[in-house]
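Novice: Here is how the chains run, residue by residue.
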Amino acid sequence: MAHPSPLLEARGLGKSFLGQTALDGVDFTLRAGEVHALLGENGAGKSTLVKVLTGVHRRDAGTILMDGAEVAPHDTAGAQALGIGTVYQEVNLLPNLSVAENIFLGRQPRRFGLVDRRAMERNTRTLLAGYGLAIDVAAPLGRFSVAVQQIVAIARAVDLSGRVLILDEPTASLDRQEVETLFAVVRRLKARGLGIIFITHFLDQVFALADRVTVLRNGRRIDTVAVADTDPMAIVQMMLGRDLEEVESGPGRPAAAAGAAPAIAFEGYGRRRSVEPFDLAIRPGEVIGIAGLLGSGRTETARLLFGLDAADSGTVRIDGRSVRIASPRHAVALGFGYCPEDRKTDGIVGDLSVRENIVLALQARRGWLRPLSRAEQAELADRFVAALDIRTTDIEKPVKLLSGGNQQKAVLARWLATEPRFLILDEPTRGIDVGAHAEIIRLINRLCDGGMSLVVISSEFDELVVCSSRIVVLRDRRHVGELAGGALTATAIMRTIAAGGADDRTEAA
Amino acid sequence: MTTRIPDAGMLNARPFNVRLFNAGTLPLVATLAIFALAYAVCVVQFPAMLSTRVAANLLTDNAFLGIVAVGMTFVILSGGIDLSVGSVIAFTGVLLAVLIGRAGVHPLVAFALALAVATAGGAVMGAMIHHLEMPPFIVTLAGMFLARGMAFVLTTDSLPVEHAFYATLQQLYWRLPGGGRLTLIAGVMVAVTVAGIILAHRTRFGANVYALGGNRTSAALMGVPVGATTIAVYALSGFTAGLAGIVFSLYTSAGYPLAAVGVELDAIAAVVIGGTLLTGGAGFVAGTFVGVLMQGLIQTYIVFDGTLSSWWTKIVIGALLFGFIVQQRALVWLSARRPSAGSAT
Numbered sequence: 001m002a003h004p005s006p007l008l009e010a011r012g013l014g015k016s017f018l019g020q021t022a023l024d025g026v027d028f029t030l031r032a033g034e035v036h037a038l039l040g041e042n043g044a045g046k047s048t049l050v051k052v053l054t055g056v057h058r059r060d061a062g063t064i065l066m067d068g069a070e071v072a073p074h075d076t077a078g079a080q081a082l083g084i085g086t087v088y089q090e091v092n093l094l095p096n097l098s099v100a101e102n103i104f105l106g107r108q109p110r111r112f113g114l115v116d117r118r119a120m121e122r123n124t125r126t127l128l129a130g131y132g133l134a135i136d137v138a139a140p141l142g143r144f145s146v147a148v149q150q151i152v153a154i155a156r157a158v159d160l161s162g163r164v165l166i167l168d169e170p171t172a173s174l175d176r177q178e179v180e181t182l183f184a185v186v187r188r189l190k191a192r193g194l195g196i197i198f199i200t201h202f203l204d205q206v207f208a209l210a211d212r213v214t215v216l217r218n219g220r221r222i223d224t225v226a227v228a229d230t231d232p233m234a235i236v237q238m239m240l241g242r243d244l245e246e247v248e249s250g251p252g253r254p255a256a257a258a259g260a261a262p263a264i265a266f267e268g269y270g271r272r273r274s275v276e277p278f279d280l281a282i283r284p285g286e287v288i289g290i291a292g293l294l295g296s297g298r299t300e301t302a303r304l305l306f307g308l309d310a311a312d313s314g315t316v317r318i319d320g321r322s323v324r325i326a327s328p329r330h331a332v333a334l335g336f337g338y339c340p341e342d343r344k345t346d347g348i349v350g351d352l353s354v355r356e357n358i359v360l361a362l363q364a365r366r367g368w369l370r371p372l373s374r375a376e377q378a379e380l381a382d383r384f385v386a387a388l389d390i391r392t393t394d395i396e397k398p399v400k401l402l403s404g405g406n407q408q409k410a411v412l413a414r415w416l417a418t419e420p421r422f423l424i425l426d427e428p429t430r431g432i433d434v435g436a437h438a439e440i441i442r443l444i445n446r447l448c449d450g451g452m453s454l455v456v457i458s459s460e461f462d463e464l465v466v467c468s469s470r471i472v473v474l475r476d477r478r479h480v481g482e483l484a485g486g487a488l489t490a491t492a493i494m495r496t497i498a499a500g501g502a503d504d505r506t507e508a509a
Numbered sequence: 001m002t003t004r005i006p007d008a009g010m011l012n013a014r015p016f017n018v019r020l021f022n023a024g025t026l027p028l029v030a031t032l033a034i035f036a037l038a039y040a041v042c043v044v045q046f047p048a049m050l051s052t053r054v055a056a057n058l059l060t061d062n063a064f065l066g067i068v069a070v071g072m073t074f075v076i077l078s079g080g081i082d083l084s085v086g087s088v089i090a091f092t093g094v095l096l097a098v099l100i101g102r103a104g105v106h107p108l109v110a111f112a113l114a115l116a117v118a119t120a121g122g123a124v125m126g127a128m129i130h131h132l133e134m135p136p137f138i139v140t141l142a143g144m145f146l147a148r149g150m151a152f153v154l155t156t157d158s159l160p161v162e163h164a165f166y167a168t169l170q171q172l173y174w175r176l177p178g179g180g181r182l183t184l185i186a187g188v189m190v191a192v193t194v195a196g197i198i199l200a201h202r203t204r205f206g207a208n209v210y211a212l213g214g215n216r217t218s219a220a221l222m223g224v225p226v227g228a229t230t231i232a233v234y235a236l237s238g239f240t241a242g243l244a245g246i247v248f249s250l251y252t253s254a255g256y257p258l259a260a261v262g263v264e265l266d267a268i269a270a271v272v273i274g275g276t277l278l279t280g281g282a283g284f285v286a287g288t289f290v291g292v293l294m295q296g297l298i299q300t301y302i303v304f305d306g307t308l309s310s311w312w313t314k315i316v317i318g319a320l321l322f323g324f325i326v327q328q329r330a331l332v333w334l335s336a337r338r339p340s341a342g343s344a345t
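Just so you know, the protein sequences line up as chains X and P, in that order. What the first sequence shows, in the numbering used here, is residues 1 to 509, in sequence order. What the second sequence shows, in the numbering used here, is residues 1 to 345, in sequence order.
A couple of the hints might just be wrong.
To be verified - Computed footprint of chain P on chain X; a stretch qualifies when at least three of its residues, placed anywhere within it, have a C-beta under 8 angstroms from a C-beta of chain P:
1. 70 to 83
2. 102 to 112
Stated by the list, open to error - Pairwise CB distance ranges (calculated):
3. X:372 <-> P:315: 44 to 52 angstroms
4. X:379 <-> P:258: 55 to 63 angstroms
5. P:330 <-> X:177: 29 to 37 angstroms
6. P:127 <-> X:63: 33 to 41 angstroms
As the list claims (entries may be wrong) - Anything over 12 angstroms on all C-beta distances counts as not near chain P; from chain X, calculated:
7. 33
8. 320
9. 333
10. 360
11. 439
Please keep in mind that the hints were generated in silico from the structure rather than gathered at the bench. Glycine included, each C-beta is placed from N, C-alpha and C at the ideal position.
Same shape as in the complex, but just chain P (with noise of 0.2 angstroms):
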């Protein structure tokens, strides 16, 4: 045995890093080979389906949960749940339609308004979950009756909404090479995708956002500001929810307080499906909107298939989920074991 002076250099050889098999990344491939593989089979049975005309359909169509699922992910990175989301877009919707159509308020003004009123809520929601150190669950949970039940206290009945402004907005869209029309609000929804792949990856915030996903004691003793990044985490998600319930508005020109039930949990199911560890600390806003995608798909094809029942959405994704969940467990076990067998190498 010869003896060797000790450096640091010497554990550089050992052989942890091994980027063949990412755990980060992973998920996000997964799902995005599996939404390639689905297309194709669509494809191949409805060649129709290959046309900007039904991508673009796709977007419109799930614009308002493809904006919600993208605050819904920052939630479930930084190691939350917002059930209150699917409420707020409904509440929304209500508040929209009795501000514009009965207090007679410019579409606008009723934007501003309604976004400040979805954010301060998850300001507070997010609040209470830091200072009462209370579960999200719960927290939001009351959130979620809360919303459903104001908006129940402005109308019961569907109110719509008519308004010359929010009609010239629903007729605007971009066309697309092929005849497909890229309508307002699947801009919109692209937009917060994008700003939301930013915001995540490119930020300052981003990053304390994943820190309080990992770890939340690591995090404060790292210095990242928990209490202001949880209200910030859960006032982005009121926002989002806010402006997905202003694109709902515009998608169905009316009001109702019993519009857009169980959404929050159809946003879950994209996160999870777009490879976010629902324990937070990994995941990516991209893969969240393949998740959206996803679901577009699956109803297209029952379209287009004409035979199946809508319900059939709720299996696929049900079985999806089953297999990502899977795959996460799989993950982490792996990753969990990985370490351990490479030191006694």
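Chain X on its own, in the form it takes in the complex (with noise of 0.2 angstroms):
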């Protein structure tokens, strides 16, 4: 490929929002029939550079050539006109219309004046077959798991640009499987000649998928360069500007003494069509990785835990008193916390303030009878806001302006407020950069210093076998394995995925 001329360039571009710069002289350029990443912390200008170029936001300098000549779109649909489409984390279609409907919205083919559903959905069948889709195009697009709204969120993009597709962080929420097939598909449309945009956090996928590279940083571009010729190493650095050893070293947390009393003990646990019952047992200090695929029921065993749902087996013993706990209530009674896998719909309260959210759990563990005075709220929320590095310029804004990684972190700090004994974390560093990414690894070890318990989820086994003391392994919705010492390695972690236990499983069904 010997540098065909760019289909799409950017060049200078700047944008600032009230003084903020969040985007400075960056130069960009994209070829037709390459996959070109786009990597870089939170808050590092991708979503702007984004946003610029598809017209969302007014650039405040720098021009943006399109096949070498100028352009300038004004909006979604007018960078649309050009041939760029764009599909986003959360797949911005409607689940209530249907798959044709979805595709075809605002095109549809019309006969006499009225929508022909017949050609439509024919169409539908036609595009999607090409992307190896063969479905219910009448159906209502909510019927589908993500992985199938993703290809049709991209197949409508595609179809309406066909020319840039610009895909934001498209894998965050797929398993490994979905995540083949959606690379399938971008592969697909590379053959065909469009250029790609790729944003996403996951390094690996970078070196699978993507031909180029761009590294943001503080919005500004640090370099662009082949993926054959640079290495993980080097992004990292890059994206972080220092070196990544503290995530990198360190074989895990010390397992805690063997002979030290559990703390709190879960025996025979479990919910029917939930999680098999299980046994576990957490020592003070302790981490507990909970490991398994997309569905295994670590999400369910978390729910558990802190009471989301009632168990139907089972019995919970803390400091070898049984106690009982039926409702998330009683678990923060007995100092329990969790951060909930999907924050913006579980975690945060978007509307509210930094303050506001951290101080929500304590508050509701005094009763709202004893409030907390405005300037023990404010005390409070600075010193988590340093202590947790939460990027925000006032503790007074709202927490759905924050960036990814600190919105977990304001949500982590609201629990840390409470002073919990035993927290559980489901992926506390999803959709979150490498630096942030870091951060909340630290304080994990941090925490357990001082004698709290953590329960981790995360589909990321390297960020486990580091920060664990143990780690459970899930698999089918039961608990196969358990790892500890010199057998946290994340092969072993997916040698016991794949074994799957499979010796107990007769006796077991």
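Assembly of the complex is requested from the two constituent chains, each provided in isolation within its own frame, with the hints serving as guidance.
Specialist: What follows is the structure, given as structure tokens:
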């Protein structure tokens, strides 16, 4: 590929919001038939760059060229007309409309002035066949898995625009197999000559899929390199501007003394159709990792531990006393905390300020009749904003305006403010950048040195290995194994999942 | 473990698409079944109710409600609400009485004027809801007071409408087999319902309305003209309210500022009983028609019975509404639950 002329080119793009520079003289080129990964920490300017390219934000400086001619899209529709289509992380389609309507909304084929449903559905079937998808196109989109919805979104974007496809973290909520399916679709489009901008947090996906990669940091372009000429370490250093040793090193936390009495012990704990009964003993200062594939019962385990779902078998003992956890209120009263997987819907209260989000759990535990004073709240919020390095201009800023990693830290701060003895973190690093990632792992370690126990759920096995003292492996909604000490490696986790406790499968059934 | 080449085809086997239990059409089917059952019960008790005469009267007596409920269906489908329609009916009636009776305007001209005023009023409310980002509840509540107040400014009494053309219109009917008389206003109601069904399901505008009710932000990102659609939806509701006002005026031969109090709530009830989700995005105009007939049927039953208080209508409607709200919650809950259960299998 001898440098074909760029399909889309941006020169010296600049954008600032209320005096804060989001993009500073960014150059960017996209060639036809390439997958160009866009990498950077949260707040590095990836989203802003995409929004400026697609006309959602007006640029303050710079030019955008398409096929060498200057263009100025002023909204999504304008960008589409130029051939630039975008698919966002949260599928922005309409689950209540049929698949066909989603693909053809606003441009339905008509006969005698009325929408020709048959033609629309026929065209949709033909279109989706090109993506290897044969589904009932008259059924509501919401009936299908996220992966299918994602492909439908891509099909729509490509059909509308057809030259440039921007994928904004498309794989964040897909499991491994679905990611491969999506990649197959992207490769197919690449072969058709589309230019694809691919935004992700997963380095391995960059190396699996992309041809070139552009790294942004603090609104500046650090470099654009061919993937073949670089390695993950170099890219991480570009993203962070520093070494990542803290994450790379460390063989995990030392296991708590085996003799120490478990502070919290779940025995035969389970719930029908959710998780098979399991035993889990948690000692003070321990980090227990929970590993498994998507749908293996990880989140279900967390919900059970926190009382979100009531267990229908088993007992819980805390400090030797038998207790009952029938609801999150009980769990909170016992000193439990839970940071859910989907922080947008289950975690943060977007319209409330950072301060209000942080004091929420503590206030709930004190009861509404003993309100924290405004000064106490501010003091608490300031302390945690500083301690967790939550990047916000102001503790009164609505939390929804923060970046993903900082939202996650705000949720974490909420629970830490209650000084819990046992905290459950479900995918604490999902959708956040490498830097915040390292900080969160450091934080986990610090918390446990203070005697708190943690359960960490993550689909990134390397991350679990680094921060856990023990790892429980799940498969098909059963706890199939436990790894500790020297056996704690990502390979061992995968081996355990693959073996799936095949030996005791028959007796369990 | 064998490695397989990933292909989208593997996704196709996922068991999400169960058509037996369709959360989309189930409310409509339930409404139809309940209506059929209720009608059957009525007929068993009063065999005379099984006649085109009763059926035609059912349509005539509820024509204004049926028309206004079609507009309300679109508003609710788009995720909004329109509380002004009852007052607009009253205002239209008074306006017609004043124009025809006092100013001597020909009824047809008066109809056109009234429809224009009602539609424009709806459009203004839609524009306020969109541009000022105000909740529809508040904006249309203001519209409700405004229209009712304007009706009182025009007159405080009941004004009769006497005009030869009015009398002609009122006597127009189409004789049905069995002696029933399908009056003009009943015909208008049926026509409006049919037009509403086509508009909802067979036009781009209809798809845009469903899109708005599904998710405003997504709809905007997908290129739906959110502002224009919102304004059009409330203008449409204003238009149907104006048309219902004309029909009500023909039905009562009078304009009275206190008429049609609470009709907006009857219309909302009809829409919900008809299986439209109050949060928007799902439902059928045909369901609304059945919802209107359901209310009419209960009233007819009470008339036939002769001993029951007419307030029983309200009681039965209340009970039905409770039932349908519970059903909607159950459906939303089931459809939210199923994908997560499916992905884990």
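Novice: Look at each hint and say if it fits the structure.
Specialist: Each hint, compared with the structure:
For the region 70 to 83 of chain X, the assignment as covered by chain P holds, since 3 residues bring a beta-carbon within under 8 angstroms of that chain's beta-carbons and 3 suffice. Restraint check on the region 102 to 112 of chain X versus chain P: 5 residues with Cβ-Cβ distances below 8 angstroms, three needed, restraint holds. In this structure the supplied range 44 to 52 angstroms holds for residue 372 of chain X paired with residue 315 of chain P, their Cβ-Cβ distance being about 48 angstroms. One distance hint, 55 to 63 angstroms for the beta-carbon pair residue 379 of chain X and residue 258 of chain P, holds here, with the actual separation near 59 angstroms.
The hinted range of 29 to 37 angstroms is satisfied by residue 330 of chain P and residue 177 of chain X, whose Cβ atoms lie roughly 33 angstroms apart. Our hint of 33 to 41 angstroms for residue 127 of chain P and residue 63 of chain X holds, since their Cβ atoms are close to 36 angstroms apart. Remark: the non-interface label on residue 33 of chain X is consistent with the geometry, its nearest Cβ contact in chain P lying 21 angstroms away (cut-off 12 angstroms). No beta-carbon of chain P is positioned within 12 angstroms of the beta-carbon of residue 320 of chain X; the least distance is around 35 angstroms.
The beta carbon of residue 333 of chain X sits about 28 angstroms from the closest Cβ of chain P, which is more than 12 angstroms, so the claim that it is off the interface holds. The non-interface label for residue 360 of chain X is consistent with chain P: the shortest C-beta to C-beta separation is roughly 24 angstroms, beyond 12 angstroms. Listed as outside the interface, residue 439 of chain X is consistent with that label: its C-beta sits roughly 31 angstroms from the nearest C-beta of chain P, beyond the 12 angstroms cut-off.
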